[in-house]
Amino acid sequence: MEKDLKDLKFAVEKKKEFDVYLIRQDFPILQRTIREKPLIYFDNAATTQKPKQVIDAIVHYYSQLNSNIHRGVHYLSQAATTEYECARRIIKSFINARFEEEIVYTRGATEAINLVASSYGETFLKEGDEILITYMEHHSNIVPWQIVSQKTGAKLKVVPIDDNGELILEEFDRLLNERTKIVSVVHISNSLGTINPVEYIIKKAHQFGAVVLVDGSQSIQHIPIDVQKLDCDFFVFSGHKIYGPTGIGVLYAKKGLLEAMPPYQGGGDMILSVTFEKTIYNVVPHKFEAGTPNIEGAIGLASAIRYVQNIGLDVIFSYETKLLNYATARISEIPEVKIIGTAKNKASLISFVIDNVHPHDIGTLLDRDGIAIRTGHHCTEPVMRRYGVPATSRASFAFYNTTEEVDVFVNSLKKIISKFK
Amino acid sequence: MDEFDLLYQEVILDHNKNPRNFGVLDPATHKAIGHNPLCGDHIEIYLNVEDNVIKDVRFKGVGCAISKASASIMTTVLKGKTLDEVKELFENYHKVLTSKPDEPVDTEKLGKLAVFAGVREFPVRVKCATLAWHTLMEALEKKDSVLKVD
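The listed protein sequences correspond, in order, to chains F and A.
Oh and the first sequence: position 302 is 301 in numbering that gives the first Met the number 0, straight run, nothing missing.
Oh and the second sequence: position 52 is 51 in numbering that gives the first Met the number 0, straight run, nothing missing.
Just to be clear, a hint being listed does not mean it is correct.
Unchecked claim - 25 angstroms max Cα-Cα, derived SDA-like pairs, lysine to any residue:
1) F:Lys-418 <-> A:Met-0
2) A:Lys-16 <-> F:Pro-334
3) F:Lys-418 <-> A:Lys-86
4) F:Lys-420 <-> A:Asp-4
5) F:Lys-414 <-> A:Gln-8
6) F:Lys-36 <-> A:Phe-121
7) A:Lys-111 <-> A:Phe-121
8) A:Lys-16 <-> F:Asp-354
9) A:Lys-16 <-> F:Ser-411
10) F:Lys-420 <-> A:Pro-100
11) F:Lys-413 <-> A:Asp-1
12) A:Lys-126 <-> F:Asp-406
13) F:Lys-420 <-> A:Glu-2
14) A:Lys-16 <-> F:Val-409
15) F:Lys-414 <-> A:Glu-2
16) F:Lys-36 <-> A:Lys-111
17) A:Lys-16 <-> F:Lys-36
18) F:Lys-413 <-> A:Gln-8
19) F:Lys-418 <-> A:Arg-19
20) F:Lys-418 <-> A:Ile-32
21) F:Lys-36 <-> A:Pro-100
22) F:Lys-125 <-> A:Lys-126
23) A:Lys-59 <-> F:Lys-202
24) A:Lys-16 <-> F:Val-336
25) A:Lys-126 <-> F:Val-388
26) F:Lys-420 <-> A:Asp-13
27) A:Lys-99 <-> F:Glu-35
28) F:Lys-202 <-> F:Gln-227
29) A:Lys-126 <-> F:Asp-354
30) A:Lys-59 <-> F:Tyr-386
31) A:Lys-126 <-> F:Pro-334
32) F:Lys-36 <-> A:Lys-59
33) A:Lys-59 <-> F:Lys-413
34) F:Lys-418 <-> A:Ala-27
35) A:Lys-16 <-> F:Glu-335
36) F:Lys-418 <-> A:Ala-113
37) A:Lys-59 <-> F:Lys-125
38) A:Lys-126 <-> F:Glu-332
39) A:Lys-16 <-> F:Arg-367
40) A:Lys-16 <-> F:Glu-35
Source of the hints: derived by calculation from the structure; they are not laboratory data.
Owing to the predicted nature of the structure, the values given are computational and were not obtained by experimental measurement.
Kindly produce the complete structure, drawing on both the sequences and the hints.
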């Protein structure tokens, strides 16, 4: 009996076991070669590849449903509207928002941050107020706040990071005060991989009455997100980072905040009635969705989310962590390599520099072996300056990457280093 | 030899590792700073020009192998050339680098610079091979300036 149970448990576990080789078959692009070598795609922090389920959903939309949404009385318009709004429900439950109306479609995380900075920031910030960001923000979470600072007279404050690439929380505590009105922080750093303690940041910021925006561009695809549990006021992400199409993204915002915010853009769909004297705005989220939206993007994103849910983000995170640990160990074998970003809590990417070999030369020569990585400042110039490097090379992994690919990558790196000796 | 071996040939790797005329000229009649914000490349060019002839040249900076080697090799061909000759050389160099891979090119006019002909196979790297030259031209046009190339 005991043995049977054990076998049964084994069978269940076996069934649940994550089969990366099976998963890879879902991604058409992973079957192709680059210069007669199998593609090794390690540029997932820039954009992820798309499973055929997502590609099929977009093809299905254009071949069977294409029509403009809302207000149409004909069959196709209603069917397209249903799909588009159904996608919103899928996103809502994926991040566990309380209401569907809290999900605003945008072009991506960048537009979502700009929307908040412009609509919320310009309405509620005044001279002497402070906006708190961190040293490891992507340019998209720096520049919109600089623009709103210039317009309102609010001051931009920056939380520094330590040598490992972790936020110095004592500095965060010190910088936070009653003048702090907005805290905008990246959940996972795109150039360092650091997973930030956003729960702590949100709790602390709320004690001072500040609202918190979490940039989830690099977290949505790696770890489960529960916006109610986080209690963040805004959460933004891009569809293409989570195996969905480009040109679609999400702004989650607490309903009360969205209702208090003025529209970001004017146009069709965001109004209830228009006369030349007065326009009555539509209810949220439609108030923020002017013009014909990216319908196939929303549908594709929903399909990507379903795909990820099917595997399970906990399973994904656990596999990616194992892959990261393996890659970190293998790359550390090379004495010339210095890893930039060694936080205790890290997502599956490795930023590194090599003595006497510029990242662009590394990138070009890895490409020769069919390996795609990113080189440059990763839109985080302050981080580069913090570490005194002009650029880094970054290998970022997804759940469809394998340890065998890491081996090919490490061997290719070794070859490059000896070429430059 | 594939296009990658052509790009990273020995001469280029050697100049990357042991750049010639590396340093500062003080005093200098002309100088300029060039940046490529996209890759973080930074280069400074110092010149001494007398009677329209380049008497001496130095450079310093950081960058990829292609940008460093192109700066180094550039400094080795400039001395003794008139400004018109330099301008013509740059025009020929630029023409070869931006030509299509299957187009026939006249590398004879390029002399030592011919080792960079392989760069044309890598359009994103053309900027690397021309940053030093653009900075040089900037230095010659204005006496002291900062150039941003992206």
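Evaluation of the provided hints:
At most 25 angstroms may separate the alpha-carbon atoms for a hinted pair to count; Lys-418 of chain F and Met-0 of chain A meet this at roughly 15 angstroms. Of the supplied pair hints, the one linking Lys-16 of chain A and Pro-334 of chain F holds, its CA atoms being roughly 19 angstroms apart against a limit of 25 angstroms. Taken as a hint, the Lys-418 of chain F and Lys-86 of chain A pair is broken in the structure, with Cα atoms around 34 angstroms apart against an allowance of 25 angstroms. A threshold of 25 angstroms between alpha carbons decides the hint, and for Lys-420 of chain F with Asp-4 of chain A the separation of about 15 angstroms falls inside it, so the pair holds.
Only pairs whose Cα atoms come within 25 angstroms are accepted, and Lys-414 of chain F paired with Gln-8 of chain A is accepted, the gap being roughly 15 angstroms. Between the alpha carbons of Lys-36 of chain F and Phe-121 of chain A the distance comes to roughly 19 angstroms, so the proposed pair stays at or under 25 angstroms and holds. Distance restraint check for Lys-111 of chain A and Phe-121 of chain A: the Cα-Cα separation of roughly 20 angstroms lies within the 25 angstroms cut-off, and the hinted pair is therefore satisfied. The suggested pairing of Lys-16 of chain A with Asp-354 of chain F holds, with an alpha-carbon distance near 12 angstroms, which does not exceed 25 angstroms.
Distance hint between Lys-16 of chain A and Ser-411 of chain F is fulfilled; the C-alpha atoms sit about 20 angstroms from each other, no more than 25 angstroms. Proposed proximity of Lys-420 of chain F and Pro-100 of chain A is contradicted: the alpha carbons are some 29 angstroms apart, above 25 angstroms. The straight-line distance between the Cα atoms of Lys-413 of chain F and Asp-1 of chain A is roughly 19 angstroms, inside the 25 angstroms bound, and the hint therefore holds. Annotation: proposed proximity of Lys-126 of chain A to Asp-406 of chain F is violated, straight-line Cα distance about 32 angstroms (limit 25 angstroms).
Straight-line distance between C-alpha atoms of Lys-420 of chain F and Glu-2 of chain A comes to about 20 angstroms, which keeps the hinted pair within the 25 angstroms bound. Distance hint between Lys-16 of chain A and Val-409 of chain F is fulfilled; the C-alpha atoms sit about 23 angstroms from each other, no more than 25 angstroms. A distance of roughly 17 angstroms separates the Cα atoms of Lys-414 of chain F and Glu-2 of chain A; the hinted pair therefore holds under the 25 angstroms criterion. Under the criterion of a C-alpha separation no larger than 25 angstroms, the hint pairing Lys-36 of chain F with Lys-111 of chain A is inconsistent with the structure, at around 34 angstroms.
Straight-line distance between C-alpha atoms of Lys-16 of chain A and Lys-36 of chain F comes to about 30 angstroms, which puts the hinted pair past the 25 angstroms bound. Between Lys-413 of chain F and Gln-8 of chain A the CA atoms are separated by roughly 18 angstroms; this keeps the pair inside 25 angstroms, and the hint holds. At most 25 angstroms may separate the alpha-carbon atoms for a hinted pair to count; Lys-418 of chain F and Arg-19 of chain A meet this at roughly 20 angstroms. Distance hint between Lys-418 of chain F and Ile-32 of chain A is unfulfilled; the C-alpha atoms sit about 30 angstroms from each other, more than 25 angstroms.
Annotation: proposed proximity of Lys-36 of chain F to Pro-100 of chain A holds, straight-line Cα distance about 22 angstroms (limit 25 angstroms). Between the alpha carbons of Lys-125 of chain F and Lys-126 of chain A the distance comes to roughly 44 angstroms, so the proposed pair goes past 25 angstroms and is violated. The straight-line distance between the Cα atoms of Lys-59 of chain A and Lys-202 of chain F is roughly 49 angstroms, outside the 25 angstroms bound, and the hint therefore fails. About 18 angstroms separates the Cα atoms of Lys-16 of chain A and Val-336 of chain F, which keeps this hinted pair within 25 angstroms; it holds.
With a C-alpha separation of about 20 angstroms, the suggested pairing of Lys-126 of chain A with Val-388 of chain F holds against the 25 angstroms cut-off. About 10 angstroms separates the Cα atoms of Lys-420 of chain F and Asp-13 of chain A, which keeps this hinted pair within 25 angstroms; it holds. Annotation: proposed proximity of Lys-99 of chain A to Glu-35 of chain F holds, straight-line Cα distance about 23 angstroms (limit 25 angstroms). This hinted pair checks out: Lys-202 of chain F and Gln-227 of chain F have alpha carbons roughly 12 angstroms apart, not beyond 25 angstroms.
At roughly 23 angstroms between alpha-carbon atoms, Lys-126 of chain A and Asp-354 of chain F fall within 25 angstroms of each other, so this suggested pair holds. Restraint check: the Cα-Cα separation between Lys-59 of chain A and Tyr-386 of chain F comes to about 21 angstroms, which is no more than 25 angstroms; the hinted pair holds. For a cut-off of 25 angstroms, the pair hint linking Lys-126 of chain A to Pro-334 of chain F is broken: about 31 angstroms separates their Cα positions. Between the alpha carbons of Lys-36 of chain F and Lys-59 of chain A the distance comes to roughly 38 angstroms, so the proposed pair goes past 25 angstroms and is violated.
Of the pairs offered as hints, the one joining Lys-59 of chain A and Lys-413 of chain F is violated, with about 28 angstroms between alpha carbons and a cut-off of 25 angstroms exceeded. In summary, the hint linking Lys-418 of chain F to Ala-27 of chain A is not supported, as the alpha carbons are separated by about 36 angstroms, beyond the 25 angstroms threshold. Distance hint between Lys-16 of chain A and Glu-335 of chain F is fulfilled; the C-alpha atoms sit about 16 angstroms from each other, no more than 25 angstroms. For the hint linking Lys-418 of chain F to Ala-113 of chain A, the alpha-carbon distance of about 21 angstroms falls within 25 angstroms, and the restraint holds.
Note on Lys-59 of chain A and Lys-125 of chain F: the hinted pairing is violated, with a Cα-Cα distance of about 46 angstroms set against a maximum of 25 angstroms. Between the alpha carbons of Lys-126 of chain A and Glu-332 of chain F the distance comes to roughly 33 angstroms, so the proposed pair goes past 25 angstroms and is violated. As the CA atoms of Lys-16 of chain A and Arg-367 of chain F are separated by approximately 22 angstroms, the hinted pair is consistent with the 25 angstroms bound. Under the criterion of a C-alpha separation no larger than 25 angstroms, the hint pairing Lys-16 of chain A with Glu-35 of chain F is inconsistent with the structure, at around 31 angstroms.
Hint violations for this structure: numbers 3, 10, 12, 16, 17, 20, 22, 23, 31, 32, 33, 34, 37, 38, 40, all remaining hints satisfied.
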